[in-house]
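Colleague: These are the residues of each chain, in order.
2 protein chains.
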Amino acid sequence: MTTRNRRIVLASRPDGAVTPDNFRFETVDVPEPAEGQVLVRVHYLSLDPYMRGRMNDGRSYANPQALDETMVGGTVGEVIASRDPGFAVGDKVVGNLGWQEYGVADAKILQKVDDSRVPLSAFLGPAGMPGVTAWYGYRKIIAPKAGETVVVSAASGAVGSVVGQLAKADGMRAVGIAGGPEKCDYVVRELGFDACVDYKAAQTPKELARLIKEATPDGVDGYFENVGGDILNTVLGRLNTFARVAVCGLISDYNNKPGEAAKSAIQNPVMFLVARFRMEGFIVSDHLDIWPEAVRELTGLLAEGRLKYRESIAEGLDATPEAFIGLLAGRNFGKQLVRLV
Amino acid sequence: MTTRNRRIVLASRPDGAVTPDNFRFETVDVPEPAEGQVLVRVHYLSLDPYMRGRMNDGRSYANPQALDETMVGGTVGEVIASRDPGFAVGDKVVGNLGWQEYGVADAKILQKVDDSRVPLSAFLGPAGMPGVTAWYGYRKIIAPKAGETVVVSAASGAVGSVVGQLAKADGMRAVGIAGGPEKCDYVVRELGFDACVDYKAAQTPKELARLIKEATPDGVDGYFENVGGDILNTVLGRLNTFARVAVCGLISDYNNKPGEAAKSAIQNPVMFLVARFRMEGFIVSDHLDIWPEAVRELTGLLAEGRLKYRESIAEGLDATPEAFIGLLAGRNFGKQLVRLV
Numbered sequence: 000m001t002t003r004n005r006r007i008v009l010a011s012r013p014d015g016a017v018t019p020d021n022f023r024f025e026t027v028d029v030p031e032p033a034e035g036q037v038l039v040r041v042h043y044l045s046l047d048p049y050m051r052g053r054m055n056d057g058r059s060y061a062n063p064q065a066l067d068e069t070m071v072g073g074t075v076g077e078v079i080a081s082r083d084p085g086f087a088v089g090d091k092v093v094g095n096l097g098w099q100e101y102g103v104a105d106a107k108i109l110q111k112v113d114d115s116r117v118p119l120s121a122f123l124g125p126a127g128m129p130g131v132t133a134w135y136g137y138r139k140i141i142a143p144k145a146g147e148t149v150v151v152s153a154a155s156g157a158v159g160s161v162v163g164q165l166a167k168a169d170g171m172r173a174v175g176i177a178g179g180p181e182k183c184d185y186v187v188r189e190l191g192f193d194a195c196v197d198y199k200a201a202q203t204p205k206e207l208a209r210l211i212k213e214a215t216p217d218g219v220d221g222y223f224e225n226v227g228g229d230i231l232n233t234v235l236g237r238l239n240t241f242a243r244v245a246v247c248g249l250i251s252d253y254n255n256k257p258g259e260a261a262k263s264a265i266q267n268p269v270m271f272l273v274a275r276f277r278m279e280g281f282i283v284s285d286h287l288d289i290w291p292e293a294v295r296e297l298t299g300l301l302a303e304g305r306l307k308y309r310e311s312i313a314e315g316l317d318a319t320p321e322a323f324i325g326l327l328a329g330r331n332f333g334k335q336l337v338r339l340v
Numbered sequence: 000m001t002t003r004n005r006r007i008v009l010a011s012r013p014d015g016a017v018t019p020d021n022f023r024f025e026t027v028d029v030p031e032p033a034e035g036q037v038l039v040r041v042h043y044l045s046l047d048p049y050m051r052g053r054m055n056d057g058r059s060y061a062n063p064q065a066l067d068e069t070m071v072g073g074t075v076g077e078v079i080a081s082r083d084p085g086f087a088v089g090d091k092v093v094g095n096l097g098w099q100e101y102g103v104a105d106a107k108i109l110q111k112v113d114d115s116r117v118p119l120s121a122f123l124g125p126a127g128m129p130g131v132t133a134w135y136g137y138r139k140i141i142a143p144k145a146g147e148t149v150v151v152s153a154a155s156g157a158v159g160s161v162v163g164q165l166a167k168a169d170g171m172r173a174v175g176i177a178g179g180p181e182k183c184d185y186v187v188r189e190l191g192f193d194a195c196v197d198y199k200a201a202q203t204p205k206e207l208a209r210l211i212k213e214a215t216p217d218g219v220d221g222y223f224e225n226v227g228g229d230i231l232n233t234v235l236g237r238l239n240t241f242a243r244v245a246v247c248g249l250i251s252d253y254n255n256k257p258g259e260a261a262k263s264a265i266q267n268p269v270m271f272l273v274a275r276f277r278m279e280g281f282i283v284s285d286h287l288d289i290w291p292e293a294v295r296e297l298t299g300l301l302a303e304g305r306l307k308y309r310e311s312i313a314e315g316l317d318a319t320p321e322a323f324i325g326l327l328a329g330r331n332f333g334k335q336l337v338r339l340v
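For the record, the sequence lines run as chains A and B.
In terms of numbering that gives the first Met the number 0, the first sequence opens at residue 0 and continues consecutively.
In terms of numbering that gives the first Met the number 0, the second sequence opens at residue 0 and continues consecutively.
Just so you know, the hints here were simulated from the structure itself, not pulled from any lab data.
Each hint should be verified, as a subset may be incorrect.
When chains are identical, the list treats them as one kind, so a pair holds in a single copy or across two.
Said to hold, decoys possible - Cross-link-like lysine to any residue pairs, in silico, SDA-like; alpha carbons within 25 Å at most:
| hint | residue 1 | residue 2 |
| --- | --- | --- |
| 1 | Lys111 | Ala168 |
| 2 | Lys256 | Arg209 |
| 3 | Lys262 | Glu279 |
| 4 | Lys167 | Arg209 |
| 5 | Lys256 | Arg275 |
| 6 | Lys262 | Ala208 |
| 7 | Lys256 | Val273 |
| 8 | Lys205 | Gly57 |
| 9 | Lys256 | Glu206 |
| 10 | Lys107 | Pro180 |
| 11 | Lys256 | Gly236 |
| 12 | Lys212 | Glu259 |
| 13 | Lys212 | Gly258 |
The model shown is predicted, which means the values in this text are computed figures rather than measured ones.
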């Protein structure tokens, strides 16, 4: 076994868009687990939009990522040394070991997973954080009633794809919004959504409004927001009375500079009274209590082949910064992972 | 008894601000009640901001007021002729007879009230629609937990004054926002709020933010919005994690012309994720089921002297248009009524 560990640290905070030189590669010793700790060889890293928020200083929904520290992030891997009775060498675990090849963690913050029915990488996707995020916003905030229309943006992504398939499994009308004909095709033909709006096909906000209206002839009862910008304002204009809007992400505003106007600024707040809708922001890590229930439903659907997903896999640690920048620009297709083993 | 009835009809829709010539006075015969109907002599008219929305054509949260028809609105009065066994001459009733001296209504949409413990006009105020509106937004949307801070705009008004007093009765920190030292003085000294921010004392949005911050040292957990504009955006910036925002009115945007940018546009929607707050628009008429419970609590507090209120009373039907325009401009102090008897 090697005794050297490669890792990526935050070298500087982005000034607007993220660039490769915000990151620095380092080679250090593989850490030794202390009593109650476990050493994990990382098989897959998860890259997620929330990481962009943490790269900024100042108040956000998570503490800022420290400079010169290993970039934080979700991982799956295999235990290669254990000083905790709950874990044995060879156990597969989900954890937050960050952008590195090997990591040590306290046993109590690792979660053993059973990859006999579901591939290991799914625990970073539809059976992991993105899937549970979709489940929470869909089940607990949108909570649709029979016959309702549920719309989700970034519909081909790791979270959005699960939202729409949960809606279809419940018999709702599921409408996706995605960028480009390839993604929209996937959303309708492979994932089984009723319709998908290609927002890149609209040249103007008015055209976008027409496309969304055509896809939602009975209006919108539940909206799961991952993106923001014009899409948000357009969907708000289609809301039915007592609609619910779950705000999971506003990726179009994560690169704003201080003082820059938000692209997702809500232009017509009087809609709150016209449609008496409810809009709620959430972060799944506030709701760890629902995790087991959500994972049970999601792995069940996965094992039955009723929950499809796609992965966009970058190969090797060196490819990580570029894959992350691509994710923020919407260039990935499906859950963005980096394979290390 | 006179056989002539004076009334005010909508003569034209406003182009921006409401003007007196949007209204026309008419004198017609007092109507005869049909079987199942009741004839009421109106004692008080209620003037409310929602009427402004109904004066516009197009989609709003209520159907538009028809041209050349009697202006719609809440009233209290006395039965002077009845063709329904449930009502006798002399009964006091709340109804929606509109801007006129006499009106006929189906018995089933009138509500008998007991004015032995509480004055008749209170059933248009703290024991009527404004009071129940405050109760719903406070109890059902904000639903505060011990030790929380509740902020309400238009705090000296018919709705806002009840919100803050309910919060104080529950032991919360209640902070009002109102225009001018006289109103703020009333909110703190007479109504017993912990603090009141005079938004007119702020020359800039930054100064407004400073004043609101000083009044909410522990942040804001519940916000009851009547006004909108800079005040809304400033309070959103003070929200604590899991805060609730009840949107009851956005009076600063009711006079907008088509295409005009909303003063209440939500400038920093990423706050939905930073604070994971919930924002919900509501209209009390959607929730008639809670009316008896709300009126019971409100009349109890009123009879015990624990719920104070103030009325701004215009005298006679002729004074109605000017009183309504004054209400929209914030010139009233307390619930705006017109006394006809």
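Colleague: Hint by hint, note whether the structure agrees.
Modeller: The hints, checked one at a time:
1. Taking CA atoms no more than 25 Å apart as the test, Lys111 paired with Ala168 passes in neither setting, with 28 Å inside one copy and 49 Å between copies.
2. With identical chains, the CA atoms of Lys256 and Arg209 are at most 25 Å apart between copies only, with a shortest distance of 23 Å across copies and 31 Å within one.
3. For the identical chains of this complex, Lys262 and Glu279 are neighbours both inside a copy (18 Å) and across copies (22 Å), given an alpha-carbon limit of 25 Å.
4. With identical chains, the CA atoms of Lys167 and Arg209 are at most 25 Å apart within one copy only, with a shortest distance of 24 Å there and 48 Å across copies.
5. Within a single copy, Lys256 and Arg275 get their C-alpha atoms only as close as 33 Å, which misses the 25 Å cut-off; across copies the closest is 22 Å, which meets it.
6. In this homomeric assembly, Lys262 and Ala208 come within 25 Å of each other (Cα to Cα) both inside a single copy, at 16 Å, and across copies, at 23 Å.
7. Proximity of Lys256 and Val273 under a CA criterion of 25 Å is satisfied inter-copy only: 17 Å between copies versus 33 Å inside one chain copy.
8. When the C-alpha separation of Lys205 and Gly57 is checked against a cutoff of 25 Å, the pair qualifies only between copies, where the shortest distance is 19 Å, while the shortest distance within a copy is 36 Å.
9. In this assembly of identical chains, Lys256 and Glu206 lie within 25 Å of each other by CA distance solely across copies; the values are 23 Å between and 28 Å within a copy.
10. Taking identical chains as interchangeable, the C-alpha atoms of Lys107 and Pro180 are never at most 25 Å apart, the minima being 44 Å within one chain and 56 Å between chains.
11. Taking the shortest alpha-carbon separations for Lys256 and Gly236, only the inter-copy value of 18 Å comes in at or below 25 Å, while the best intra-copy value is 28 Å.
12. In the homo-oligomer, the alpha carbons of Lys212 and Glu259 lie at most 25 Å apart only across protomers (23 Å), although the nearest pairing inside one protomer, at 30 Å, exceeds that limit.
13. Taking identical chains as interchangeable, the C-alpha atoms of Lys212 and Gly258 lie at most 25 Å apart only when they sit on different chains, with a minimum of 20 Å there against 33 Å within one chain.
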